[in-house]
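K.L.:
Each chain is listed here by its residues.
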Amino acid sequence: MAKLPTPQMLMASRPDFPKAAWLDTKPLFAPGSYCYPEKKDTMELLHMPNPHDWDPSAEDWNLPENWEKILCDAFEERLEKHRSLKLFMDICVRCGACADKCHFFLGTNDPKNMPVLRAELLRSLYRRDHAMLGKILGRKIGARKWDKEVVKELFYYAYQCTECRRCSLFCPYGIDTAEITAIVRELMHEVGLGIHWIMDPVKNCSFTGNHLGIQPHSFKEIVEMLADDCETVTGIRPKTPFNEKGHEILFITPSGDVFADPGIYTFMGYLLLFHELDLDYTFSTYASEGGNFGSFTSFNMAKKLNAKMYAEAKRLGVKWILGGECGHMWRVINQYMETYNGPTPDNMVVPTSPITGTVFKHAAATKMVHITEFTADLIRHGKLNLDPSRNDHIITTFHDSCNPARAMGLLDEPRYILKHVCNHFVEMPENTIREQTFCCGAGSGLNTEEIMELRMRSGMPRGNALRYVQQKFGVNHMACVCAIDRATLPPLADYWAPGVNVSGVHELVANALVMKGEGKRTMDLRQEDLPNVDAEEDQ
Amino acid sequence: MLESLIVVLLIGAIAWIGSAIGLTAVFGIVLPYVAVCVFVVGLVRRMIYWAKSPVPFAIPTTGGQEHSLDFIKQDKFDCPNTKWGVFVRMVLEVLLFRSLFRNTRAISFENDPVNNGPRVVYYSSKWLWFFALLFHYCFFLVFLRHFRFFMEPVPACISFVEAVDGVLQIGSPRFFLTGGILLVAILFLLARRIFDQRLRYISLINDYFPLWLLLGIVISGLYLRYFDKAEIAQVKIFIMGLTHFSPVISNLDLNGIFIVHLTLVSTLLIYFPFSKLVHMPGVFFSPTRNLPTNTREVRHINPWNPPSQFFTYPEYEDRYREAMAEAGLPLEKQPKPAE
Amino acid sequence: MNTQQIFRDKTDKIVKLWVEAVINCYPDRSRPALSSNMDPFTNPVGGMIREAAQGLVLAISGADIQIEQIKKSIERLIKIRAVQALSPGEAIGIIYLFKPILRAEILPQMNKPSSFSEYLDIESRLDTLAMMAFDLYVRDREVLADIRIKEIRNQYAELKRWAQNLNSNAPLGTFTGCGN
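Same order as they appear, the protein sequences are chains R, U and P.
Anchor point for the first sequence: position 446 equals 446 in my numbering, and the numbering is continuous, going up by one each time.
Anchor point for the second sequence: position 70 equals 70 in my numbering, and the numbering is continuous, going up by one each time.
Anchor point for the third sequence: position 6 equals 6 in my numbering, and the numbering is continuous, going up by one each time.
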């Protein structure tokens, strides 16, 4: 028998942590905070080390017997391979400038989500084995040894980082947590720890070319369905060339845009734009996935998946590759692709726009151009007949996706396009856009529904900024250039700023595009009625 | 936090006692030589240690608009695609702490009209940048001023620095601004760590120790100059002896606090290569800052680039050939006719 | 002295005490983050707590208010608490943290026969607010469940249409509205 507790007692009844230093606190594997583990057979199929069955919430993770040696050796190996890792382990002064830059920290208030402590988890292990003072003084200066709890902690926080690099922008030494997170994830994979939402798409991309594992013929049919929809809206059925040799351009975009709402409308935007330009291009079913889930796994896996692009470009004999709107796809293309799989095949040349003649010299080595660079150039040269008033019912803002913003610098091209296809464009508050943009909270393979709560927490800074412009300017639309954003921002908006729609930039382009020989547009690509149409009918 | 203070005090006390019981030679001659050796060798070794690992990927953090189309204005120094741009970026970073200058702080605005209540904005916050810059520059100038003890005749530039530094023309000996500001800046950096709970949580003994050590060095230095008024001529003879590798000590009357000052400086030098203080050379190595953002224009080579292994097109076609043929997709090899 | 006059002098203090009480409900490890030295609210969640506090105190005081406005002021705090791994009781129980504060700050001045019923009205208003918070909480959880479903559905949106097409040679039109 007991007395009923007071509300105060209930409120404070959460498991409390002792007033201990961070070295002693342990993560709490609460549902909604961790992703489901990968399947053993997936890992076997991909030849990943030490595949085994395990459960993040269980006490024992069934690590291989010699797990400590595996991890120590793997860490040592990575130190020898990456100067960045050695450096980032040594030079952090813990000034704290990064702390409140992380959306995970702002949303969860968990101190270990401060980028500095996230890295410190690994640094504490580094100190013990690789720093003289750590060897002598140990714990006193923040060194500790590997144990199974530390492995759990590393796993927990490596999958609460979206590798968005916002902290690295503010770090006086340029310490990049994305680099550290990527390496911690590699280490975890060495002992067979990974998550389903990343490994399953990796497997699918690897063997079928798209993240859902749809076979080539079905993939083709789905794209053709989208072309049919284009016809419904515009009266024009764009062509859908597949695996054809001898074209000038190979077009690659994340396969999410072929399957997922609202990405499909962006894809329809591409189809219509290319048709209008009569572009000499082809899709490929083999290299149909631009997004690189391997980059959330390990550098090698990223290379492996990326290799298909140049291989296909070579086989089809194209001159250059045009890349669709995608975030991490462009991180890989812009900073890794040429290093991984270059030099490019001999048949490829420096990309030149066949419409305007602009030479994309900045892509001379990779020979890949971002679609917003391509389209901005078209608009600049007046090659597109645009009617922005069709988008007049939209007041849009633009979400800079982390990777194009901080690993590429693609900031003004999409804005240039938006300003030409929409009459109402407003920016979100300063310090939350451009290179300082806040992540959607679910990048780098964390856009899975089992951690929806975590995603809503970490997306809160972005949600707040969106809610602000919604209230202030009546914003009802957010454009972005990332397939993961198109999947993760709608829930974010539904939760933090209900009433805001999300789309890719090229959906708006195609809505505004006046095509040669098109029928009268009464609806947009989503087959929703255009509110401004009646007025035109009076003519 | 207190532990590291005690360690610094202990070092000071040992030096003081040492000088009192006639071990001046140990603390005044042996220790400085050892410290300089450890500092130079340690730092060079650390840099070699870093340099031995390759930079497999070009991963500059882009802090602005990329170089792409003619009509889109590139942010030349936050997203530099040329060597010159990178040079400027590094100069801005090293000399002006560009990244820290960007610092923002989430601040709650009371009574925001749109929100009808408080609203959080990410507001520019430059305090850390300001004091960090102050600290490093004053430290540098104080360091430079000390060359008057190392060189005979005193170079004109050192005299100039002193003249500017003492521009206030108060006190005798004349008050140097940098010394005072350095003290204030160190106290700010220390106060941040102690009173900001968030920072206290992440701070380790290795963060407090150098701050206490610097505080000890600055206080003992200020004491020597303004209160104890150490015999400058004697100190100079002593230091010149050290720098000419013919130390003189026997006929000099060296102050105990001077030995403490010298010992703390030696401790700093010895501690330097094994601590976070290596951020000084380290920042030059940082691949997110020191590489041009021309990664699509020029191929970056990874020395350990593993061989390419992937699911090739022929394997792919072998697996899906029948279905692809049926869907009318072009093929390299037609399927065998059905039997 | 009527209720609102008493509240006028006490609002700031009650807001402050309640914000502290809410922050104290978070485990030790996140407290340094929520209340940092210079301004305890230099972070979004801290800001939300404060925003809610002002709206709530206004409502409790019995001033003329617009319900929508009060809802809006607590909306975001409830939203963040709805995704913070708290039980429902813990998530909205923060409203009741006002009770001890009110009893310490307001009750002594109203503890006489003439105004005691007014004090009871204050606590009743707190109950209303708690119900309001509960409604918001449930709505948020429902939205959360909804977007989970919607996300899964959206991921495979085209795939489903394609598969439906596949099962029958009938044109698409005949399929809409039946069987899904």
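Because the hints were derived from the structure by calculation, they are not lab data.
Fair warning: this is a prediction, and the values are worked out from it, not measured in the lab.
Some clues are possibly wrong.
Claimed, not checked - Where chain U lies over chain R, by a calculated footprint (3+ residues, C-beta under 8 Å):
1) 79–85
2) 107–120
3) 297–308
4) 515–523
Each residue gets a CB set at the ideal place from its N, CA and C atoms; glycine is no exception.
K.L.:
Determine for every hint whether it applies to the structure shown.
P.N.:
Now for the hints, and whether the structure bears them out:
1. Residues of the stretch 79–85 of chain R lying with their CB closer than 8 Å to a CB of chain U number 7, which satisfies the three-residue condition for coverage.
2. Against chain U, the stretch 107–120 of chain R contributes 5 residues with a C-beta closer than 8 Å to a partner C-beta. That satisfies the three-residue criterion, and the hint holds.
3. Check on the stretch 297–308 of chain R: 7 of its residues sit with their Cβ under 8 Å from a Cβ of chain U, so the three-residue criterion for coverage holds.
4. Coverage of the stretch 515–523 of chain R by chain U is violated [criterion: at least 3 residues with CB-CB distance below 8 Å; count 0].
In the structure shown, a violation is registered for the earlier hint numbered 4 alone.
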